[in-house]
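Please work from the sequences and hints to get the whole structure.
Counted from 1, the sequence shown has number 66 at position 65 by the working numbering; the numbering is strictly sequential.
Calculated directly from the structure, the hints in this document are not laboratory data. Among these hints, one or two may not hold up.
To be verified - Ranges of calculated distance between the beta carbons of each label pair, as one might list FRET restraints:
{"id": "1", "residue 1": "S59", "residue 2": "K31", "range": "36 to 44 Å"}
{"id": "2", "residue 1": "P63", "residue 2": "K85", "range": "32 to 40 Å"}
{"id": "3", "residue 1": "G72", "residue 2": "K31", "range": "31 to 39 Å"}
{"id": "4", "residue 1": "K82", "residue 2": "W58", "range": "32 to 40 Å"}
{"id": "5", "residue 1": "C9", "residue 2": "E32", "range": "32 to 40 Å"}
{"id": "6", "residue 1": "I13", "residue 2": "A52", "range": "30 to 38 Å"}
{"id": "7", "residue 1": "E35", "residue 2": "R55", "range": "21 to 29 Å"}
{"id": "8", "residue 1": "T81", "residue 2": "R45", "range": "43 to 51 Å"}
{"id": "9", "residue 1": "F88", "residue 2": "R55", "range": "57 to 65 Å"}
{"id": "10", "residue 1": "T23", "residue 2": "K3", "range": "45 to 53 Å"}
Bear in mind the structure is a predicted one, so any value in this text is a computation, not a measurement. Backbone N, C-alpha and C define an ideal beta-carbon position, used for all residues, glycine too.
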Amino acid sequence: MKKVSLFCLFMIFSVFGFGAETLTLPASLKEALENSPYLKIQERNKDAKSADVRIAWSAFVPHVQGEVGRGRQSKDNYYTKLQKKRFNDTGNAAIM
Numbered sequence: 002m003k004k005v006s007l008f009c010l011f012m013i014f015s016v017f018g019f020g021a022e023t024l025t026l027p028a029s030l031k032e033a034l035e036n037s038p039y040l041k042i043q044e045r046n047k048d049a050k051s052a053d054v055r056i057a058w059s060a061f062v063p064h065v066q067g068e069v070g071r072g073r074q075s076k077d078n079y080y081t082k083l084q085k086k087r088f089n090d091t092g093n094a095a096i097m
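Listed below in structure tokens is the structure:
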């Protein structure tokens, strides 16, 4: 009795488990192409090859390099005031 009830229970659950949605041939081919690891590797290789071509072309193209900066300094900061004071105190003599 116990074996029969377990068998019936197993059969009921298997019906629900195998009752998944069926796929058509075009839909299954589309899904296989989207999830194919071989095709993903080939696409990455294609991207790497196009990057190699760009790197090779960079040897023939002129390069431009530049730098831009911005600084801010007060005209009368502590250091310049100190230098002016020392210069005025000593005249034109060198300060050591």
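Outcome of the hint check:
Between S59 and K31 the beta carbons are some 38 Å apart, a value that agrees with the proposed interval 36 to 44 Å. P63 and K85 have their C-beta atoms about 48 Å apart, which leaves the hinted 32 to 40 Å range violated. Restraint check, G72 to K31: a C-beta distance of roughly 59 Å breaks the suggested window 31 to 39 Å. A hinted range of 32 to 40 Å is violated for the C-beta pair K82 and W58, which are about 56 Å apart.
Separation of C9 from E32 is about 35 Å and conforms to the stated range, judged on CB atoms against 32 to 40 Å. Distance hint check: the CB atoms of I13 and A52 are about 56 Å apart, inconsistent with the given range 30 to 38 Å. Checked against the hint of 21 to 29 Å, the C-beta distance between E35 and R55 comes to roughly 28 Å, which is consistent with it. Under the hint 43 to 51 Å, the C-beta atoms of T81 and R45, about 60 Å apart, miss the expected range.
In this structure the supplied range 57 to 65 Å holds for F88 paired with R55, their Cβ-Cβ distance being about 58 Å. In this structure the hint that T23 and K3 lie 45 to 53 Å apart at CB is violated, the actual value being about 35 Å.
Of the numbered hints listed earlier, those contradicted by the structure are 2, 3, 4, 6, 8, 10.
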